[in-house]
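Participant: Going down the list, the protein sequences come from chains Y and B. Residue numbering for the first sequence follows the numbering used here, starting at 124 and increasing by one per position. Residue numbering for the second sequence follows the numbering used here, starting at 1035 and increasing by one per position.
Wrong hints could be hidden among the right ones.
Said to hold, decoys possible - Below, simulated DSS-like cross-link-like pairs (lysine-lysine); rule was C-alpha separation at most 30 Å, straight line:
#1 B:Lys-1100 with B:Lys-1075
#2 Y:Lys-160 with B:Lys-1054
#3 Y:Lys-232 with Y:Lys-145
#4 Y:Lys-232 with Y:Lys-181
#5 Y:Lys-165 with B:Lys-1048
#6 Y:Lys-145 with B:Lys-1075
#7 B:Lys-1054 with B:Lys-1075
#8 Y:Lys-224 with B:Lys-1089
#9 Y:Lys-191 with Y:Lys-181
#10 Y:Lys-160 with Y:Lys-181
#11 Y:Lys-232 with B:Lys-1089
#12 Y:Lys-229 with B:Lys-1054
#13 B:Lys-1054 with Y:Lys-181
Claimed, not checked - From chain B, some residues computed to sit far from chain Y (all C-beta separations above 12 Å):
#14 Val-1045
#15 Cys-1047
#16 Lys-1075
#17 Thr-1083
#18 Thr-1091
#19 Ser-1107
#20 Asp-1122
Everything labelled a hint here was simulated from the structure, so no lab data went into it. By construction, the Cβ of each residue, glycine as well, lies at the ideal position given by its N, Cα and C atoms.
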Amino acid sequence: GENVEQHPSTLSVQEGDSAVIKCTYSDSASNYFPWYKQELGKGPQLIIDIRSNVGEKKDQRIAVTLNKTAKHFSLHITETQPEDSAVYFCAASRPQGGSEKLVFGKGTKLTVNP
Amino acid sequence: GAVVSQHPSRVICKSGTSVKIECRSLDFQATTMFWYRQFPKQSLMLMATSNEGSKATYEQGVEKDKFLINHASLTLSTLTVTSAHPEDSSFYICSARGLGRVSYNEQFFGPGTRLTVL
């Protein structure tokens, strides 16, 4: 089955710097790659996603890149702010005839220092 | 985005009792709902997938007789933890995927339910 590795497990940056979180996946059939932000005591919130027919997607300060050949995808946050501090999870899923399930990475705790 | 609610947000119960958690999609029809469990500082672990009107599909190692899932309508799924024990204490999160306003394959998560079993 699918296996998603996520690095780093913790990341500390200064406000205004960029943050990059990387994930690799094992199943070449996976075609959907979302990123979630989870604040303490809350459910995950979808912040951006990318599908396998696209190499890059951007939404304001957040961007995701996908390298299908290498089977890895990355989250880029520019101009980080203290409110970006949270745990970020990457995930991957493959077509399964309506039963698509997400396989999550172990998460990255991002701390943005003022 | 699509909104998913959960109730209750927190519950404390005695060992041996049963607890029901509700998950609702508020502004879209959820053809599929997922239930996850998350232990402190860990990732989300999928427990089961439920499609409206059919039996849930449980992941390996999840006891279906202990975690009863009902997806009776396109906007409501329930998870009942039966005969709860302290080791069932966890953060339970549902997600929903459906048609209409949401794109196929996207899952939208509820706020989670913190279960504490004494």
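Participant: A separate judgement is required for each hint: does it hold in the structure or not?
Facilitator: Evaluated hints:
1. At most 30 Å may separate the alpha-carbon atoms for a hinted pair to count; Lys-1100 of chain B and Lys-1075 of chain B meet this at roughly 24 Å.
2. In summary, the hint linking Lys-160 of chain Y to Lys-1054 of chain B is supported, as the alpha carbons are separated by about 26 Å, within the 30 Å threshold.
3. At most 30 Å may separate the alpha-carbon atoms for a hinted pair to count; Lys-232 of chain Y and Lys-145 of chain Y meet this at roughly 13 Å.
4. At roughly 21 Å between alpha-carbon atoms, Lys-232 of chain Y and Lys-181 of chain Y fall within 30 Å of each other, so this suggested pair holds.
5. Under the criterion of a C-alpha separation no larger than 30 Å, the hint pairing Lys-165 of chain Y with Lys-1048 of chain B is consistent with the structure, at around 24 Å.
6. A hinted pair counts as satisfied when its Cα atoms are at most 30 Å apart, and Lys-145 of chain Y with Lys-1075 of chain B qualifies at roughly 19 Å.
7. A distance of roughly 24 Å separates the Cα atoms of Lys-1054 of chain B and Lys-1075 of chain B; the hinted pair therefore holds under the 30 Å criterion.
8. Proximity of Lys-224 of chain Y to Lys-1089 of chain B is assessed by CA-CA distance (about 16 Å); at most 30 Å being required, the pair is judged to hold.
9. In summary, the hint linking Lys-191 of chain Y to Lys-181 of chain Y is supported, as the alpha carbons are separated by about 18 Å, within the 30 Å threshold.
10. Between Lys-160 of chain Y and Lys-181 of chain Y the alpha-carbon distance is near 16 Å, which keeps this suggested pair within the 30 Å criterion.
11. For the given pair, Lys-232 of chain Y sits about 36 Å from Lys-1089 of chain B by alpha-carbon distance, which is inconsistent with the 30 Å threshold.
12. At most 30 Å may separate the alpha-carbon atoms for a hinted pair to count; Lys-229 of chain Y and Lys-1054 of chain B meet this at roughly 28 Å.
13. Annotation: proposed proximity of Lys-1054 of chain B to Lys-181 of chain Y is violated, straight-line Cα distance about 40 Å (limit 30 Å).
14. Interface exclusion of Val-1045 of chain B from chain Y stands, the closest Cβ pair being 14 Å apart, more than 12 Å.
15. The Cβ of Cys-1047 of chain B lies farther than 12 Å from every Cβ of chain Y, with a closest approach of about 19 Å, so its non-interface assignment holds.
16. Not every Cβ of chain Y is farther than 12 Å from the Cβ of Lys-1075 of chain B; the closest lies at roughly 8 Å, contradicting the non-interface assignment.
17. Not every CB of chain Y is more than 12 Å from the CB of Thr-1083 of chain B (nearest about 6 Å), against its label as outside the interface.
18. With a closest Cβ-Cβ approach of about 7 Å to chain Y, Thr-1091 of chain B is found to fall inside the 12 Å limit, against its non-interface label.
19. Once the 12 Å rule is applied to beta carbons, Ser-1107 of chain B is consistent with being away from chain Y; the minimum gap is 18 Å.
20. Residue placement check: Asp-1122 of chain B keeps its beta carbon more than 12 Å from all beta carbons of chain Y (closest about 18 Å).
The earlier numbered hints that this structure contradicts are 11, 13, 16, 17 and 18.
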